[in-house]
Amino acid sequence: MSPVEQPKHPSGDNRFKLLDRAITKHQARGDALIEILHVAQGIFGYLENDLLIYVARSLKLPLSRVYGVATFYHFFNLKPKGEHTFVLCMGTACYVKGAEQIQTALEEHYQCRFGDTTKDNSVSFITARCVGSCGLAPVAVLDDAVVGKLTPDESIRRVEQVKLSVPEVVS
Amino acid sequence: MTLEDLQDLAEQERERQDQKKHRVLFCSAAGCASCGADKVSAALKAKVKEHALDKECEVIGTGCMGLCGEGPLVKVQSDDTMYRNVDVRTAEKIVESHIVNGKKVDAHVCDTNVPFFTSQTRIVLENCGRTNSESIDEYVAAEGYAGLAKALTEMQPADVIEEVRKSGLRGRGGAGYSTGLKWGIVRKAHGEQKYVVCNADEGDPGAFMDRSVLEGDPHRVLEGMAIAGYAVGAQQGYIYCRAEYPLAIERLKLAIKQAEKAGLLGNRILESQFNFRIDIRIGAGAFVCGEETALLASIEGKRGNPRPRPPFPSEKGLWGMPTVINNVETYANVAPIIRKGSDWFAGIGTEKSKGTKVFALAGNIRNTGLIEVPMGIPLRTIIFDIGGGTPDGTEFKAAQTGGPSGGCIPADQLDLPVDYESLMKVGSIMGSGGLIVMDSTSRMVEVAKFFMQFCMDESCGKCIPCRVGTRHIYGLLDKISKKKATQDDMVLLEELCMMVKETSLCGLGQSAPNPVLSTLRFFRHEYEQLLQPVETFEGEPGIVVDFEK
Amino acid sequence: MAVKTLTINGEQYSAQEGESVLSVCRQNKIPIPTLCHLEGLSTVGACRLCLVQIEGIPKLLPACTTKVEEGMVITTSNQKLDKYRRMIVALLASEGNHVCAVCVANNHCELQDLAYEVGLVRVRYPYLFPKKSLDATHKEYVMDHNRCVLCTRCVRVCDEVEGAHVWDVAGRGIDCEIVTGLDYSWGSSQTCTECGKCVMVCPTGALFEKGVTVSEMEKKKDFLKYIITARQKREWVAFTNE
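Protein chains in written order, with the working numbering: chain A, 1 to 171; chain B, 1 to 549; chain C, 1 to 242.
Hints in this document: simulated from the structure, not taken from any laboratory.
Each residue gets a CB set at the ideal place from its N, CA and C atoms; glycine is no exception.
Don't take every hint at face value.
To be verified - Straight line, CA to CA, 20 Å or less: simulated DMTMM-like cross-link-like pairs of lysine to aspartate or glutamate: (1) C:K132 <-> B:D457; (2) C:K59 <-> B:D457; (3) A:K60 <-> B:E300; (4) B:K103 <-> B:D79.
Claimed, not checked - Among chain A residues calculated to face chain B with C-beta under 10 Å, some are: (5) L33; (6) C130; (7) K149; (8) V162; (9) L164.
Stated by the list, open to error - Ranges of calculated distance between the beta carbons of each label pair, as one might list FRET restraints: (10) B:K39 <-> A:R158: 15 to 21 Å; (11) A:L78 <-> B:V491: 29 to 35 Å; (12) C:W236 <-> B:W319: 32 to 38 Å; (13) B:V491 <-> A:L164: 50 to 56 Å; (14) C:Q12 <-> B:V491: 37 to 43 Å; (15) C:S133 <-> A:Y46: 21 to 27 Å; (16) A:N49 <-> C:I228: 33 to 39 Å; (17) C:K131 <-> A:I43: 41 to 47 Å; (18) C:E70 <-> B:Y177: 20 to 26 Å; (19) C:K59 <-> B:W319: 24 to 30 Å.
One chain only, chain A, in its complex shape (with noise of 0.2 Å):
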């Protein structure tokens, strides 16, 4: 840290400087919304309301045209995501080589379906389009890494995996 105290933006939140930051360099383009939501999501981890009204005067544009968008769009999460993410592929390959049985799987074991987020916040399971590593089917995603091959009991481990080496929180 610098030991020049960088001044701060307006809303006490210097996250926001990242974000004028790509607004100004899209000229707050009211067709740069998608671009913006990227950079958005990309900063704060998900778009909660106060963002989506941030961003919508920013582009000056309606807020139901901003809503609109984001709740088009899957790639844009409303709420916050579990601390884990388990992305399961359904494309063609991974549902021929079984990935539904996966997901029966998971789903019976967590209790908690695809497109939700386990009741102790840990794992948010998510069905993806394809993740284009058709090669390894079926696929998912955990957290950011490829597994390939899987089987539902393999699939259950790994998760256990991930959870089990979550990061000391630091007091």
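Position chains B and C against the provided structure of chain A, taking the given hints into account.
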């Protein structure tokens, strides 16, 4: 950069490569990357350094080598040896034994004298697995940007269009419209601005062709787009790439930066009067954005709702201006056509379908991976010779092409030549090139249901037939698969399929019933086996809407 | 402007260049059912009810967005088109929770009229009974999502005529819903001008005035023509709402 500079650069790079005694290539495409290619490359580089071979041996990451199911793949270019299932230990042995002592690591050598490799014709993928995907110099050394240079220095825009038209190149995204004709319309259309858009929103589940091209040879796509820009009179291009392909986006960004720096994109390209910029737009997870009008709406920052055509994007596209939209593979064919001429390209393939097609082989097939074959090749050759057939003990049942817009082709149709018209005739489509093989364990009603669920989830919701129709088709398929349906439901199903196909606004809805219709056509007995024998089924009890006044 | 001649259902008609097929049909009293279309708003071609068959074109095209061309041969009604129109209305009926007998718009409802027009007798698809909400937070009006057919007229009139863009469509596919702001309650909207245009253009009982009961909600749409002519031509035409 001038034309001479470009030729010098190519010469220098070829010399540099010749001076290396060994080039060890590792596949850095997504398939291999996800099974440990990074560790393999680190091990290769460490060993090369340890043996002080830096001067004579370089380790390079390339685009997809094809045999994705056997990754990570490594290739020693000097004697064309390919290794499969390479782990860290094998990587070390490759350097210690093969490079240092000239003794191959036999256990991992992959025989390349088999149909998987020998039956392919590579145009789009010519550099994949051969050159460094992150080096513009290597692309230039492999005749890269020579097509653009030829167009700018020797040809008028109209000549470029004529050359592409004569080559017979058709859109590789699905519908198969003549690329040259499309460019001609955009050239003639009036507009202050014109745009060139590359559709890299490869959303078909089970397809990874475009991804491989973008990751393995990004400059080829940029060059194709720049040639299109010159031909139609556009100065701005957009690549619309799906967010699920972070590596492709990274490589594209790097490639654009390199090309701008080298004066191959930007202002006064190769010191001509032609200016062309390319920007990337990242999708956000909507299959419908592969439809061209929805894609344009998305680039404009809106919901990806398609709009009725006409007017077609070639007349009114991005921000109302004439716009060329082609997919990745189409652009990837352009530079070689300009470089080698339309006659060469038209000499490959069939009468109406020219050139090659890249397919992603997946599902119940021995050799999963990426292949490029001449148009017109029989499906049987692709599946049994190149793909090696189904794994032991299982029987081939159907091949699915065209993703959720395509159909299932049964065993007795396997001698079908792969071209646009033949596939259409059996109720499927070429699509972007996903080819999923199903064996006897696949139940076709479930397959149809899977695709219908996909279309239902991906429907934008704008038009009624697609929004509600796909929901009901899914419901009927679910009912059939749970053995609760009757013959009446079959009638409803077929009626709905035809109606959704004929009345939906865009290609997603119009083709959504294809998987159902094609399985009904070839595997009808599988549906009928599941029906209730009851002849007079009363139907679901429900409140009848009272439309009486 | 050039005059184009075309054939509709076997009869010859002439039309202005740039005119839509629908407009020609309306002028000549040729019936074509529509839902998303409303004179004065942009065309979206979404409901697919106005699909017609044009000789030489393999696909059915919406009359509202298709421009006339010299020598066009158009069929606006045949067994197939009529059947598809019936099916589309049936799909709409199955999608929402439409119960005419208790609806404020009963007898004044375009969906009901359409069902008559296309001859829908029985809905053969299972009703989806979606769980939809009713928003009565606005002091003048109510939005009942159960009766919404997603024609987007409210979205367009608010954006294009009133200029407030309070409404938009959120979600995707079968889960699409009309929202105000960030899915706020309508009453808390700071941008709504309470002009009521959306209520008047709504074809069904989804948007209605507070206080009305069964069959009482009549939609008066002529204001749209009045405003648009005034804006475009500075002419204030007679208002014909009875």
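Problem - Outcome of range test on Cβ distance (Q12 of chain C, V491 of chain B; 37 to 43 Å) - result: holds (40 Å)
Problem - Restraint check, 10 Å cut-off on beta carbons, for L164 of chain A near chain B - result: Hint on L164 of chain A: violated, closest Cβ of chain B at ~22 Å, above 10 Å.
Practice task
Confirm or reject the claim that S133 of chain C and Y46 of chain A have a C-beta distance inside 21 to 27 Å.
Solution key: Between S133 of chain C and Y46 of chain A, where Cβ atoms are some 24 Å apart, the hint holds.
Problem - 20 Å limit on alpha-carbon distance, applied to hinted pair K59 of chain C and D457 of chain B - result: With a Cα-Cα distance of about 25 Å, the restraint between K59 of chain C and D457 of chain B is violated, given a limit of 20 Å.
Practice task
Mind checking the hinted window 29 to 35 Å against the Cβ distance between L78 of chain A and V491 of chain B?
Solution key: With a Cβ separation near 42 Å, L78 of chain A and V491 of chain B fall outside 29 to 35 Å, so the hint is violated.
Practice task
Would you settle whether the hint for V162 of chain A is holds or violated, based on the nearest Cβ-Cβ distance to chain B being less than 10 Å?
Solution key: violated (16 Å)
Problem - Outcome of range test on Cβ distance (K131 of chain C, I43 of chain A; 41 to 47 Å) - result: Given about 35 Å between the Cβ atoms, the range is violated.
Exercise for the section: Measure nothing beyond the straight line between the CA atoms of K60 of chain A and E300 of chain B; if it is 20 Å or shorter, mark the hint as holding. Expected result: Roughly 15 Å between the alpha carbons, so the hint for K60 of chain A and E300 of chain B holds.
Problem - Assessment of proposed distance window 15 to 21 Å (beta carbons of K39 of chain B, R158 of chain A) - result: Holds - the Cβ-Cβ distance for K39 of chain B and R158 of chain A, about 18 Å, lies within 15 to 21 Å.
Handout entry: Hinted contact K149 of chain A with chain B - closest CB pair below 10 Å
Key = Holds, about 9 Å.
Practice task
With respect to the beta-carbon atoms only, verify the hint that V491 of chain B and L164 of chain A lie 50 to 56 Å apart.
Solution key: holds (55 Å)
Handout entry: W236 of chain C versus W319 of chain B beta-carbon gap, inside 32 to 38 Å or not
Key = holds (35 Å)
Checked against the numbered hints above, the structure breaks hints 2, 8, 9, 11 and 17 and satisfies the rest.
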